[in-house]
Amino acid sequence: MSLLELDRVTVRYGGVTAVDSVGFAVESGTLMGLIGPNGAGKTTMIDAITGMARCSGDIRLAGESIASWPAYRRSRAGIVRTFQSLELFMELTVRENLQTYARGRQADPVASALERMDVAWTADRYPAELSTGTARLVSVARALAAAPRLLLLDEPAAGLDAGESRRFGAKLRRLVDSGVTTILLVDHDVDLIMNVCDDIQVLDFGKKIASGPPSAVRADPEVARAYLGGTA
Amino acid sequence: MAVLQFALLGLGLGGAYALLALGLVTIYRGTGVLNFSQGAVAMICAYVFFALRDGLRLSTAGAALLAAAFAVVLGLAFYLLVMRQLRNSPVLARIIATLALLLLLQGLAMLLFDVQTRTPVSVVPATPVDLLGIAIPMDRLILAGVAVVLAVALSLVSRRTRIGLAVRAISDSEKGASLSGLSPVLIGALTWAVGFVLAAVAGVMLSPIAGLDAKALTLLVVPVFAAALIARFTSFGVAVAAGLGLGMVESALQLVTDAEGAWYTWLWTGPGRSQALPALVVIIAMIFSGRLLPARGEVVRGRLPISPPPRYRVAGPIIALAAGLAFIFSVRPSWLSAGVVTLAGVMIALSAVLVTGFIGQISLAQVAFAGTGGMLTALLSSAGLPFLLVLPLSGLVAALLGLLAGLPSLRVRGPSLALVTLSAAYICQVAVFSDGRLLGGQGYNRVASPALFGLELGGTGFAVVTLVIVIVTGSLVAALRVSTFGRRALAVRENEAAAAAAGIDIKRFKLAAFTLSAFVAGVGGSLLGYQANVFAFERFTIFESLHVIAMAYIGGIGMVSGALFAGLGASGGLFSQLLATWGADSYQLVIAGGALLLAVQLHPDGMAATLHTIRERRGRRSSPAPAAAPPDDGKDRSAPAEPSVPVK
Ligand SMILES: Nc1ncnc2c1ncn2[C@@H]1O[C@H](COP(=O)(O)OP(=O)(O)OP(=O)(O)O)[C@@H](O)[C@H]1O
Ligand SMILES: [Mg+2]
Numbered sequence: 001m002s003l004l005e006l007d008r009v010t011v012r013y014g015g016v017t018a019v020d021s022v023g024f025a026v027e028s029g030t031l032m033g034l035i036g037p038n039g040a041g042k043t044t045m046i047d048a049i050t051g052m053a054r055c056s057g058d059i060r061l062a063g064e065s066i067a068s069w070p071a072y073r074r075s076r077a078g079i080v081r082t083f084q085s086l087e088l089f090m091e092l093t094v095r096e097n098l099q100t101y102a103r104g105r106q107a108d109p110v111a112s113a114l115e116r117m118d119v120a121w122t123a124d125r126y127p128a129e130l131s132t133g134t135a136r137l138v139s140v141a142r143a144l145a146a147a148p149r150l151l152l153l154d155e156p157a158a159g160l161d162a163g164e165s166r167r168f169g170a171k172l173r174r175l176v177d178s179g180v181t182t183i184l185l186v187d188h189d190v191d192l193i194m195n196v197c198d199d200i201q202v203l204d205f206g207k208k209i210a211s212g213p214p215s216a217v218r219a220d221p222e223v224a225r226a227y228l229g230g231t232a
Numbered sequence: 001m002a003v004l005q006f007a008l009l010g011l012g013l014g015g016a017y018a019l020l021a022l023g024l025v026t027i028y029r030g031t032g033v034l035n036f037s038q039g040a041v042a043m044i045c046a047y048v049f050f051a052l053r054d055g056l057r058l059s060t061a062g063a064a065l066l067a068a069a070f071a072v073v074l075g076l077a078f079y080l081l082v083m084r085q086l087r088n089s090p091v092l093a094r095i096i097a098t099l100a101l102l103l104l105l106q107g108l109a110m111l112l113f114d115v116q117t118r119t120p121v122s123v124v125p126a127t128p129v130d131l132l133g134i135a136i137p138m139d140r141l142i143l144a145g146v147a148v149v150l151a152v153a154l155s156l157v158s159r160r161t162r163i164g165l166a167v168r169a170i171s172d173s174e175k176g177a178s179l180s181g182l183s184p185v186l187i188g189a190l191t192w193a194v195g196f197v198l199a200a201v202a203g204v205m206l207s208p209i210a211g212l213d214a215k216a217l218t219l220l221v222v223p224v225f226a227a228a229l230i231a232r233f234t235s236f237g238v239a240v241a242a243g244l245g246l247g248m249v250e251s252a253l254q255l256v257t258d259a260e261g262a263w264y265t266w267l268w269t270g271p272g273r274s275q276a277l278p279a280l281v282v283i284i285a286m287i288f289s290g291r292l293l294p295a296r297g298e299v300v301r302g303r304l305p306i307s308p309p310p311r312y313r314v315a316g317p318i319i320a321l322a323a324g325l326a327f328i329f330s331v332r333p334s335w336l337s338a339g340v341v342t343l344a345g346v347m348i349a350l351s352a353v354l355v356t357g358f359i360g361q362i363s364l365a366q367v368a369f370a371g372t373g374g375m376l377t378a379l380l381s382s383a384g385l386p387f388l389l390v391l392p393l394s395g396l397v398a399a400l401l402g403l404l405a406g407l408p409s410l411r412v413r414g415p416s417l418a419l420v421t422l423s424a425a426y427i428c429q430v431a432v433f434s435d436g437r438l439l440g441g442q443g444y445n446r447v448a449s450p451a452l453f454g455l456e457l458g459g460t461g462f463a464v465v466t467l468v469i470v471i472v473t474g475s476l477v478a479a480l481r482v483s484t485f486g487r488r489a490l491a492v493r494e495n496e497a498a499a500a501a502a503g504i505d506i507k508r509f510k511l512a513a514f515t516l517s518a519f520v521a522g523v524g525g526s527l528l529g530y531q532a533n534v535f536a537f538e539r540f541t542i543f544e545s546l547h548v549i550a551m552a553y554i555g556g557i558g559m560v561s562g563a564l565f566a567g568l569g570a571s572g573g574l575f576s577q578l579l580a581t582w583g584a585d586s587y588q589l590v591i592a593g594g595a596l597l598l599a600v601q602l603h604p605d606g607m608a609a610t611l612h613t614i615r616e617r618r619g620r621r622s623s624p625a626p627a628a629a630p631p632d633d634g635k636d637r638s639a640p641a642e643p644s645v646p647v648k
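Residue numbers (the UniProt record's numbering), protein chains in the order written: chain B, 1 to 232; chain W, 1 to 648.
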C-alpha cells in the first residue's frame, strides 16, 4: 500500500482550475519530485494534501481517506509541510519555532531536527536574524521536528547556490535512505530534483503532463516544451 | 395603534442612528477605520453646542456654526495627528486609538460640562404634527428627514464628483486613489471631517429628544454599528434605512412591558431589552456572514504588541508579595481598599493578557465576564456559600459565558471581533447586570463578608488573600507564556496557517483561551464584589471594559507586568486614589485617554515592553561574545539580518 495516494484531485479558485484532476502515489521511503513552471499548481497541490485548500477527489494516507480531515488533523497524522514563503514564527526563537511543531517519541526532537539540517547554532536566534538560506534550512528542520511520515517541501532550495543545493540534496537523500521520513519535493532547481529524486511528477497549468524516473522525465519531449524549454 | 405611534416616535432616535451611521460609513470608506468614538464625538459636539447656546446665549445659528467648526477641527486633528500616523500600524493599535479618543472625550465632557442629564430645548420646532392620525412632534420628523436628505446628498457626491470617485477608488486600494490625482491624505482628512460633522448634527438634534447624557450618547456607537454593518459599510441609502428601522423597532419594543407571564418572557421583558436588540443584530450579522466587512486594499497584516518570555519568574512574585504585604500592613483603610481594587484590576487585566496579548483576539468583553463573576458572587454568597467555594464557582460561570463569547472568534477577527465582543458586553450591561429580577435588587446586591474556615477575614485579611490569589494567577500566566500553551498561542496569533500546519487545532485553542481568560476575569469580578460588599452594576460597564484594555495596552498587553500597570490604573485603584488625594479624580479619564493616544504612537508595544527592550539592550552590551556561532566550515552562514526572511 502506498503511503500517499491522490485520486483525481482538483482545486478551483473562482474561475481558475489550479489543480486539474491530478492523481499519483508516493511510496513509503522514497523521494518524489514535483516540478512545473510558475503557476503550474505545485503549491496548490501541497495545500490540497495538507488540507489548506478545498479540493475534490480523494486523498488517502496509508489507505485511509483523509480528504475530509482538517489541516491540523492531517499534520498530527504525519503530513507536515514547509511553506514557499517560510512562514516562520517571527516572534518565537528558532528553538521555540521547532518546539511548536515538535511531536513524536524521539528523546529530543528539536535538537535532532536542527542537527539534521546543520543549523543547531541558530537555536536561540530569532528568524529575522538569519540569512534567507539559513532560514530555509530552519523551516525544513521545523517540519522535521514534527516527526513527519510524509514531508512536503515547497521550494526549500530557492536561493541556495550550486554547492549549497548539492549539500542540501544529500541531506534529503540521507533522511529518506535512513528511514526517517518520506519526502515530496517541489523545486525549480532542476539539477537538485534530477539528482536526488526517485520519481518525478510534472505539472503544467494544473494538469499532470508527465511522470516517471528522472531519466524518463528528462527525455520527455512534452516536459522539455512545457518546462525545461520554458524557464530553465 | 400604540405600536405604530411608538414606532413613529422612534423616527428621532432612528434619524440619529442614521446620521451617525452615515459618518461611520464615510470614515470607513475613506480610511478603512472602524471609528469606535463616533458616539462620543456626537456627545462632545452636543455639549459644545448647548454650552454655546444656553450658557453663552449665542444664537442657534451661531452656536451651530461654531459646533460644526469644532467637529471639523476635531476630525482633522484626530485624523492628521493620530490615525494618519497609524496607517501602517497593527489593527489593535488603530482600534485602541479610536477607543482612546472615546475615553478622552468622555473625560473632557465630565471635566468641562455639567453632566447631569438634562433635556435641552429643541433646535427645531417640536410642535406635534398629525401623521396617519397620530400626533408626532415635528423635531423627530425633521431629524429623520435631515438623515434622508444627507444620505441622498452623500450618494450624489460619491457618484458624481471627482472627490466622491476618489473615495470610491480608495476603498479599493490606496493606489487606486492616486490615479485620480487626489492625495489619500486629503481624502482621509475630508472623510473624517465630514464624519464628525454628521455626528455633531446627530448629537445636537437627538439631545432634546433623548436627553443630553454623556454616557448614553457615547454608547450610541453600538446600535450605529448595527446600521453600518447592515449597509456593509458601503451603501449610504441602506445605512439610513437601517438606522431609521432600528430606531423605530427599538422604540416600539418599549411597549413590551414587564407583564407577569411565563418564565421565558423574561427574555424580552425587562430593562434594556429594546437597547439590546441592535447589539444582538451586530452579533448575529457578524457570525452569520463572517466577512460582512468588505476587506480593504490597504489592510496590513497586523503585528501585535510583543509578548517576550517573562524575565523574573521567581523574583517577581516574591518582590510583589513582600511589597504587597508591606503596603497592606502600613496604609489607611481608604488606601487599602484602593489597593484591593487594584489587585482585582490586575486580575481582570491578566485575563486580557491571556486572550488579547497571547492569542491576539481583541476582546472588549473582559469586564462583562468580571461582572458575571460579580453577580454570581452576590447570588452565591448571600445563599451562604463560603468564600473559597464562591470564588471558583463565579469564575466557572464566567468561563461558560467566555466559551460562548469565544464562538464568534472562530469566524471573525481583528476589528470585527472587537465589535462583536463590545456588543456582547453592551448586552450584559443594559439587559443583564441591571436587571434586578435576576438577583432581586435593581442591580445592587449585598455580598456577604468573606470568611475563611469560619473566620471573618476583615479588610486586611481579605487584602492578603487577594494578594496571594493575584500573585499566584500572575505567576501561572507567566508560566503559561513559556509553556507549550504559550508557544502555541503566539503561533496562532501570528500565523494561523503555519499553526495549523503544526497540528494545532486553532478553533479549540481559541475557545480554550476565551474560556480560561473569562474564568480569570470572573474571579477578578468576584473579588471586586467581596471588596465592596456589594455587586454594583455600574462597575461593570463598557467604559470599564475599555478602560481596562486601554490600561493594559499602555502597560504592555503581552506581558504580566503590563497587567500590573493596568491594575494600578484601574478606576477606583491606587492611581485613582492618588488623584483623589490631590483632589484631581475628575481628571482620570482624560489622563487615561490622553496617555493612551500618546502610548499608541510612542510605545506601540506598551511601556513594559519598552522597559524590557531597554534592559535587553543593556544586557546585550554587557554580555561578552555572541552566545552561538556557526560551525566554522568556511561558509559565512551567520550572515546577519541583511537579506532577511521574506515576510508575506
Ligand atoms: N489562494 C488563491 N486564490 C486564487 N488563486 C490562486 C490561489 N492560490 C493559487 N492560485 C492560482 O492557482 C494557480 C497555481 O498557483 P500555485 O501557487 O499553486 O503555483 P506554483 O506551481 O506553486 O507556482 P510557483 O512556482 O510560482 O510557486 C495560479 O494560477 C495561481 O494564480
Ligand atoms: Mg508555489
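Hints may be right or wrong, so weigh each one.
As the list claims (entries may be wrong) - Footprint (simulated), chain B over chain W, 3 or more residues, beta carbon under 8 angstroms: (1) 152–161; (2) 499–511.
Stated by the list, open to error - With beta-carbon atoms standing in for the labels, derived distance ranges: (3) B:D198 - W:V185: 56 to 64 angstroms; (4) W:S483 - B:G29: 34 to 42 angstroms; (5) B:S21 - W:V256: 54 to 62 angstroms; (6) B:R149 - W:R232: 52 to 60 angstroms; (7) B:R8 - W:Q601: 50 to 58 angstroms; (8) W:Q601 - B:D198: 54 to 62 angstroms; (9) B:R12 - W:A497: 18 to 26 angstroms; (10) W:L611 - B:R166: 45 to 53 angstroms; (11) W:L611 - B:S68: 18 to 26 angstroms; (12) B:R166 - W:R313: 53 to 61 angstroms; (13) B:R166 - W:R232: 50 to 58 angstroms; (14) B:S68 - W:G594: 37 to 45 angstroms; (15) W:R232 - B:Y13: 52 to 60 angstroms.
Stated by the list, open to error - Facing chain W, according to a computed beta carbon distance under 8 angstroms, are these residues of chain B, among others: (16) E27; (17) A71; (18) R76; (19) F89; (20) Q99; (21) K171; (22) V190; (23) D191; (24) M194.
Because the hints were derived from the structure by calculation, they are not lab data. For each residue, glycine too, the CB sits at the ideal point set by N, CA and C.
Hint by hint, here is what the structure shows:
Restraint check on the stretch 152–161 of chain W versus chain B: 0 residues with Cβ-Cβ distances below 8 angstroms, three needed, restraint violated. For the stretch 499–511 of chain W, the stated coverage by chain B holds: 8 residues have a C-beta nearer than 8 angstroms to a C-beta of that chain, and at least 3 were required. For B:D198 and W:V185, the Cβ-Cβ distance of about 59 angstroms falls inside the hinted range of 56 to 64 angstroms, so the restraint holds. Roughly 36 angstroms separates the CB atoms of W:S483 and B:G29, a value that falls within the hinted 34 to 42 angstroms.
Between B:S21 and W:V256 the C-beta distance comes to about 58 angstroms, which sits within the given range of 54 to 62 angstroms. Range check, B:R149 to W:R232: about 45 angstroms between beta-carbon atoms, so the 52 to 60 angstroms window is missed. Restraint check, B:R8 to W:Q601: a C-beta distance of roughly 55 angstroms satisfies the suggested window 50 to 58 angstroms. The hint said 54 to 62 angstroms for the Cβ distance between W:Q601 and B:D198, and at roughly 57 angstroms that hint holds.
The hinted range of 18 to 26 angstroms is satisfied by B:R12 and W:A497, whose Cβ atoms lie roughly 20 angstroms apart. The beta-carbon spacing between W:L611 and B:R166, approximately 48 angstroms, falls within the hinted interval of 45 to 53 angstroms. For the hinted restraint 18 to 26 angstroms between W:L611 and B:S68, the CB-CB distance of approximately 49 angstroms leaves it violated. For B:R166 and W:R313, the Cβ-Cβ distance of about 46 angstroms falls outside the hinted range of 53 to 61 angstroms, so the restraint is violated.
For the hinted restraint 50 to 58 angstroms between B:R166 and W:R232, the CB-CB distance of approximately 55 angstroms keeps it satisfied. Checking the proposed 37 to 45 angstroms range against B:S68 and W:G594 shows it is violated: the Cβ atoms sit about 53 angstroms from each other. Against the hinted window of 52 to 60 angstroms, the Cβ-Cβ separation of W:R232 and B:Y13 comes to about 23 angstroms, which falls outside the hint. Checking B:E27 against chain W: minimum C-beta separation of about 23 angstroms lies over 8 angstroms; hint violated.
Satisfaction of the interface hint for B:A71 is found here, the shortest Cβ-Cβ separation to chain W being roughly 4 angstroms, below the 8 angstroms cut-off. For B:R76, the interface hint holds, since its Cβ comes within 8 angstroms of a Cβ in chain W; the closest pair sits about 4 angstroms apart. For B:F89, the suggested interface contact is upheld, since its CB lies about 5 angstroms from the closest CB of chain W, less than 8 angstroms. Satisfaction of the interface hint for B:Q99 is found here, the shortest Cβ-Cβ separation to chain W being roughly 6 angstroms, below the 8 angstroms cut-off.
With 8 angstroms as the threshold, the beta carbon of B:K171 stays out of range of chain W, its nearest partner Cβ sitting at about 14 angstroms, so the hint is violated. Annotation: interface hint on B:V190 violated; nearest CB of chain W at approximately 23 angstroms, more than 8 angstroms. Proximity of B:D191 to chain W is violated relative to the hint, the smallest CB-CB distance being about 20 angstroms (cut-off 8 angstroms). Hint status for B:M194 relative to chain W: violated, with the closest Cβ pair at about 24 angstroms, above 8 angstroms.
In terms of the numbered hints stated before, the structure departs from hints 1, 6, 11, 12, 14, 15, 16, 21, 22, 23 and 24, listed from lowest to highest.
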